[in-house]
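Got chain V sorted already, so can you dock chain C onto it with the hints?
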Amino acid sequence: MPEVVIPIGPQHPALKEPVNFRVIADGEKIVRLDLDLSYNHRGIEKAAEQRNFIRVLPLLERVCGICSHSHATAFAKGIEELMGLRIPPRAQYIRTIIAELERMHSHLLWLGVAAHEIGFNTLFMWTWRDREEVQDTLEEMSGNRVHYGMNEVGGVRRDLSASQVKAALGRLPSLQERIGKYVDMVNNQRTMLVRFRGIGTLSKEEALEFGTVGPTARASGVDYDTRRDDPYLVYDEVPWDVVTASDGDVFGRTEVRIGEIAESIRIVRHCLENLPEGPIRVNAPKTAPKGEVLSRYEAPRGELVHFIRTNGTDRVERVDIRTPTLANWTSVAHELVGQNLADIPVIVAAIDPCLSCTSRLTVINSRDKKECQVSFEELRRKKKTTWAGGGPA
Amino acid sequence: MISPVLAIIYIFIIPGFFFLFAYALFLEYLDRRIIARMQTRVGPPLIQPVADLIKMLGKEVIDPAGVDRALFDAIPLVALAAVMTAFLYVPVVGNSPFAFQGDLVLVLYLLTIPTIALFLLGWLSRNIFSAVGGIRAVTQLFIYEVPFFLALLTPALMAGTWSVSEIARWQQDNLWFAVLQPIAFVIALVGLQAKLERTPFDIPEAETEIVAGPWTELTGRRLAAMHLAFDIYLVAGSALVAALFLGGPLTPWTITPVWLGWIAGFFIFIGKTLVILLILSAFKAATGRIRIDQLNRIGWKYLAGASIVQLAIVLVMNSVRVNV
Chain V
1 MPEVVIPIGP QHPALKEPVN FRVIADGEKI VRLDLDLSYN HRGIEKAAEQ
51 RNFIRVLPLL ERVCGICSHS HATAFAKGIE ELMGLRIPPR AQYIRTIIAE
101 LERMHSHLLW LGVAAHEIGF NTLFMWTWRD REEVQDTLEE MSGNRVHYGM
151 NEVGGVRRDL SASQVKAALG RLPSLQERIG KYVDMVNNQR TMLVRFRGIG
201 TLSKEEALEF GTVGPTARAS GVDYDTRRDD PYLVYDEVPW DVVTASDGDV
251 FGRTEVRIGE IAESIRIVRH CLENLPEGPI RVNAPKTAPK GEVLSRYEAP
301 RGELVHFIRT NGTDRVERVD IRTPTLANWT SVAHELVGQN LADIPVIVAA
351 IDPCLSCTSR LTVINSRDKK ECQVSFEELR RKKKTTWAGG GPA
Chain C
394 MISPVLAIIY IFIIPGFFFL FAYALFLEYL DRRIIARMQT RVGPPLIQPV
444 ADLIKMLGKE VIDPAGVDRA LFDAIPLVAL AAVMTAFLYV PVVGNSPFAF
494 QGDLVLVLYL LTIPTIALFL LGWLSRNIFS AVGGIRAVTQ LFIYEVPFFL
544 ALLTPALMAG TWSVSEIARW QQDNLWFAVL QPIAFVIALV GLQAKLERTP
594 FDIPEAETEI VAGPWTELTG RRLAAMHLAF DIYLVAGSAL VAALFLGGPL
644 TPWTITPVWL GWIAGFFIFI GKTLVILLIL SAFKAATGRI RIDQLNRIGW
694 KYLAGASIVQ LAIVLVMNSV RVNV
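Residue numbers (this note's numbering), protein chains in the order written: chain V, 1 to 393; chain C, 394 to 717.
Hints are computed from structural coordinates only; laboratory data are not their basis. Just so you know, these numbers come straight off a predicted model, no measurement behind them. Positions of the beta carbon are idealized from the N, C-alpha and C atoms, including for glycine. Errors might be hidden in some of the hints.
[What the hints assert, rightly or not] Here are some of the chain C residues that sit facing chain V, going by a computed Cβ distance under 7 angstroms:
id : residue
1  : Leu-503
2  : Thr-592
3  : Glu-600
4  : Thr-601
5  : Ala-678
6  : Thr-680
7  : Ile-683
Excised from the complex, chain V in its bound form:
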């Protein structure tokens, strides 16, 4: 069969967000592929420069719907470091609880999506049902299911009452039991094994070379977790283990994520049981001194980096967000070559891509198919010429 070009995306049932693969396939085998990521650039980094620290946190929470707490915490942590604030322990514990609940719901969501990609909808429905337990806990604590709005510079905005702690602890045993069931399922369900084992393999050396982060790297045997290796919040006080696997394939990534849910349950339980008394925030100054900070945070998908530069005002001069998906993308393109066409959704889903968070601005001239970067001035000119005429040219 001659080579055919199969377009996957920007709109495709396997994708929840816009991305475009031009897959060149020989029959069912992938020969090579082109990747186009930027369909949804939202200019959040630029918008963050226009707002003061109080208003920038809700904005950064909206970088991602799944790891909203990660972005807010990463930024707050960085700014607090610049301001030299000491955050009260109770606030640190509450941040950790929310962060780990977020990791649990993100990984449960991922497990469901991965199962759906191979048409195993029963597991998809089951994990999403159990995810509701976590979502309910988060809603009880923060009032919201997606954007929790718990962080502020200097601490957290809401305290946990004794009844909330009790309700959350009450939900954990049933979740733990369900996780045990999923471990059993992933290890024994035949169709999952044949679809996940040996697919999208990445060796330890390749994982390091492509700069993968998070569960993707840990599944390839890279024993690295920001929570342990550059501890923040209360991760150095809580007993927990880094989960790694040696397979390096989709199966390994599943193992790591399920293991991490179990670890998250441990962390949440410890934090809830040992929640210290005291205030939940300190008053933060309006402005931050001139400086630069690199704030690292282990988001559910991997290491998230916020680079923050301040200039002595109440705004950031520059914030640069490196999401874990961006770090993992190149490895996907490498893994896909030589694989089966049917494995594209599984391999892409295996890094748990969060595409809109990853978008970087590239302007493509649709007439001559040339990619180029444009300056802000050029963009403004283009906007005037385009929209003055009553519609896109």
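Showing chain C alone in chain V's frame:
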């Protein structure tokens, strides 16, 4: 032969087209409902498949650019006609009045037509997803069809007849073929699942890979006809397996009067097809989709091998029976 009036009633009302439509939609409802309950969902209401069908019939028909319209209109109807015809030769109440020596072969051929129709649809759609899906459908056909045919021919060999109705009648005097030939029964169920393109064999219409495969460009009444064809396919397929392996609608003893026997047979038929549907639905809910190369390995290594073993066993059993 039966009288023309009875023949018309048989073909058009019960257990022919009228009943067939109703039962096919009911089975679709039951299938969706069973799977929904297994997935801790509520599932659709009873009227949902009918509502879906009517709505699809009323929707606009969109022709993909450059497609052969007449052919595109005709293929779903051909598939529908094929499975409906196949159903007439399967015993539903007592024997099928149209039974003849060799109707088993005819039924098997007719039940292959929907897959060929899917391939043609994929090929004609002028859409890369449809084309890949069509090729997968026909590749899959070559994998499961041989073991499926062999599995369904073993009851014929043992009963010494090529008529579905007579095979069912043979089981009236002897044991069910599901007991005598368990391997063939399992292969027949797996093959039926593959023929109906249900998980784990929904490779040609893998949503997350190739959108909807050959179904991608179907709209309006074409989609409705194709859906209906596959619903009826499910009825005809499970009725065939019930007749060949579970004794069909016949009871081991004779019921008098004859009409009471017919009614009893009718309910036995419904009960047996529901059991087969339950097995197929559980199978669908408990598995994910496998890849076409993996199916190839499983099909030719295990299914084909097992069906040949079953065939050998049947030949040995036959010669023993003759000699005793």
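Okay, the hints, checked on the actual structure:
no.: 1; hint: Leu-503; result: 28 angstroms, violated
no.: 2; hint: Thr-592; result: 5 angstroms, holds
no.: 3; hint: Glu-600; result: 5 angstroms, holds
no.: 4; hint: Thr-601; result: 4 angstroms, holds
no.: 5; hint: Ala-678; result: 5 angstroms, holds
no.: 6; hint: Thr-680; result: 5 angstroms, holds
no.: 7; hint: Ile-683; result: 6 angstroms, holds
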